[in-house]
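Engineer: Here is what each chain is made of, one letter per residue.
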Amino acid sequence: MVRWLGIAAFAVVIAALPRLVPQFVAFELTYAAAYAIAIVGLVILIGRTGQISLGHGAFVAVGGYTLAILVTHGVPYGLGIVAAALIAGLLGVALGGIALRLAGVYLALATFALANSVAPVLKRFGSLTGGAQGLSIPSHSETELYYLTWGVAALLFALAYFGLRSRVGLALRALRDSEIAAVSFGVNPVFYKTLAFGWSSAYAGVAGALLALATAYVSPDVYSVALSLNLLVGAVIGGLQLLWGALLGGLVIQFFPLWSQAISPALAAVVYGIALILIMMFMPGGIAGALGRRMSFIRRGHE
Amino acid sequence: MNGSAAMVSVEGLSIHFGGVAALSDLSFEVGEGQITGLIGPNGAGKTTCFNCITGLYRPSAGTVVFKGQNLTRLAPHRIAGRRIARTFQNLELFPSMTALENVMVGGANRARALELLDYVGQRDNAARIVHGLPFGARKMIEIARALAMEPELLLLDEPASGFGHDAIGQIGDTIERIRSDFKTTILMVEHSMQLVMRVCNRIIVLQSGQKLAEGDPAAIAANPAVIEAYLGS
Chain A
1 MVRWLGIAAF
11 AVVIAALPRL
21 VPQFVAFELT
31 YAAAYAIAIV
41 GLVILIGRTG
51 QISLGHGAFV
61 AVGGYTLAIL
71 VTHGVPYGLG
81 IVAAALIAGL
91 LGVALGGIAL
101 RLAGVYLALA
111 TFALANSVAP
121 VLKRFGSLTG
131 GAQGLSIPSH
141 SETELYYLTW
151 GVAALLFALA
161 YFGLRSRVGL
171 ALRALRDSEI
181 AAVSFGVNPV
191 FYKTLAFGWS
201 SAYAGVAGAL
211 LALATAYVSP
221 DVYSVALSLN
231 LLVGAVIGGL
241 QLLWGALLGG
251 LVIQFFPLWS
261 QAISPALAAV
271 VYGIALILIM
281 MFMPGGIAGA
291 LGRRMSFIRR
301 GHE
Chain B
304 MNGSAAMVSV
314 EGLSIHFGGV
324 AALSDLSFEV
334 GEGQITGLIG
344 PNGAGKTTCF
354 NCITGLYRPS
364 AGTVVFKGQN
374 LTRLAPHRIA
384 GRRIARTFQN
394 LELFPSMTAL
404 ENVMVGGANR
414 ARALELLDYV
424 GQRDNAARIV
434 HGLPFGARKM
444 IEIARALAME
454 PELLLLDEPA
464 SGFGHDAIGQ
474 IGDTIERIRS
484 DFKTTILMVE
494 HSMQLVMRVC
504 NRIIVLQSGQ
514 KLAEGDPAAI
524 AANPAVIEAY
534 LGS
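For the protein sequence lines, the chains are A and B, in the order given.
Take the first sequence: its position 233, counting from 1, is numbered 233 in the working numbering, and each next residue is one higher.
Heads up: take any position in the second sequence, counting from 1, add 303, and you land on the working numbering.
Heads up, a few of these hints could be off.
Said to hold, decoys possible - Counterexamples of contact, computed for chain B against chain A with all Cβ distances above 12 Å: (1) S317; (2) T366; (3) T375; (4) G384; (5) A388; (6) F397; (7) P398; (8) M400; (9) E404; (10) A449.
To be verified - A few chain A residues that face chain B, going by a derived Cβ cut-off under 10 Å, partial list only: (11) A119; (12) K123; (13) S139; (14) E142; (15) A171; (16) R173; (17) R176; (18) S178; (19) I180; (20) A181; (21) L242.
Unchecked claim - Beta-carbon label-pair distances, calculated as ranges: (22) B:H468 x A:L278: 51 to 59 Å; (23) A:G126 x B:A414: 38 to 46 Å; (24) A:L17 x B:D484: 41 to 49 Å; (25) A:N116 x B:E453: 26 to 34 Å; (26) B:R381 x A:V93: 56 to 64 Å.
These aren't lab readings, by the way, just hints derived from the structure by calculation.
On a predicted model such as this, the values are computed, not experimentally measured, just so you know.
Ideal Cβ positions, reconstructed from N, Cα and C, are used throughout, including at glycine.
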């Protein structure tokens, strides 16, 4: 009950914010929501399945370019977002096959290589991708983008919430906790690990499509390795075990660098780094983990 | 087989790790509806045999036939799909899950999972994360998870280990109750001779990966080779 009231209150605040804050802040919140969608994908993959990806920026790129190419050919952006999810998701399923053969640090390295390969591949196929120049997309009003992005985020959070509570979510957690026990109880490891990779990649693809719409532009340099690492930072700092940690993660990777910049333009990266280290030291389960513990403490106090 | 048909036939099973033969040319049968004990000193290959039956290990030679179908090349999750359930010697629960969720992974819905937890006396722990629960409770939850598969064959790996001597009678009762309530066939690895002698219809004795003896409890208790192996080790 308290949980649903909290979600309702949050929804009201998000709906009202564009009228309450300066337009540039609302626009930054659009980015935060898009990042949060990609981070939900990482929470599903890393938090729930125990597979690691340092290459989710590649799926963000696939989503962004899918949308850009379709929209510049006259396809409505709604269809472009769906196509971004499908294509990034299918690519994730294909690469999930590799993930099955690798684990831990080797999987991390393979996905890292994937992240590194994005820009060269995009530049190579210039006739489709616009090469180093990238592609421009017709721009939309910032208010429209804000509600679109937060609306899609709400939908995908709900889907992840119910998906992770279903048999599928249970199977993923079983594989993460003990693969030996999971397979001994009928969980097909190939199917579920591939599914998790595809699911996670589809979310990254949608995030990429929404980021491309917001920026009205895609180019290879946007999808550097730094993007992949930033998403991972957001997932870990927000909290890998709780879905709403992804929301905090999206806000962190959007706003912390800006605040660091405000504190000390010369040492922005250092300030950001110190903030991240402090969070990891004092909140090992991420911000959501720490807040979640505090809230369950309060709830117990009322019993 | 005392008139009952063989549910499982293990034939010529061999597996080696590196140069060490963990099982060599092991053959035995498990009669339907019976409780069969697999005993032997540490390192005799008992758990290895379980892992071959459930597909976690791929034997170097030999076959495992379950109800007329060869399981030997099937993936573990497919073998589980034939309703072969197991427990683990050192417990393999899903530590981050509640007891209820653990049992649900076995295939039960929420209501059925609660019933099964009740059946093993763990209903009070249903909503608790299993990680912090006492060993005995986790052991019972593991049995409930196995029962959630409605198993035709239940493999119990040392059900009495970790329990005190005075609990053996109760564990024996539980195992016999499971056999009749779930109409299941049980193959169990166990060190407690007291428990094995009490519940098993038939006993297979392993030593160094080979079958040393096979027979009903009275015959095994009187077998000189078995006495020698147990007293000698």
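Engineer: Hint by hint, which ones does the structure fall short of?
Structural biologist: 4, 5, 6, 7, 8, 9, 10, 11, 12, 13, 14, 21, 23, 24, 25 and 26
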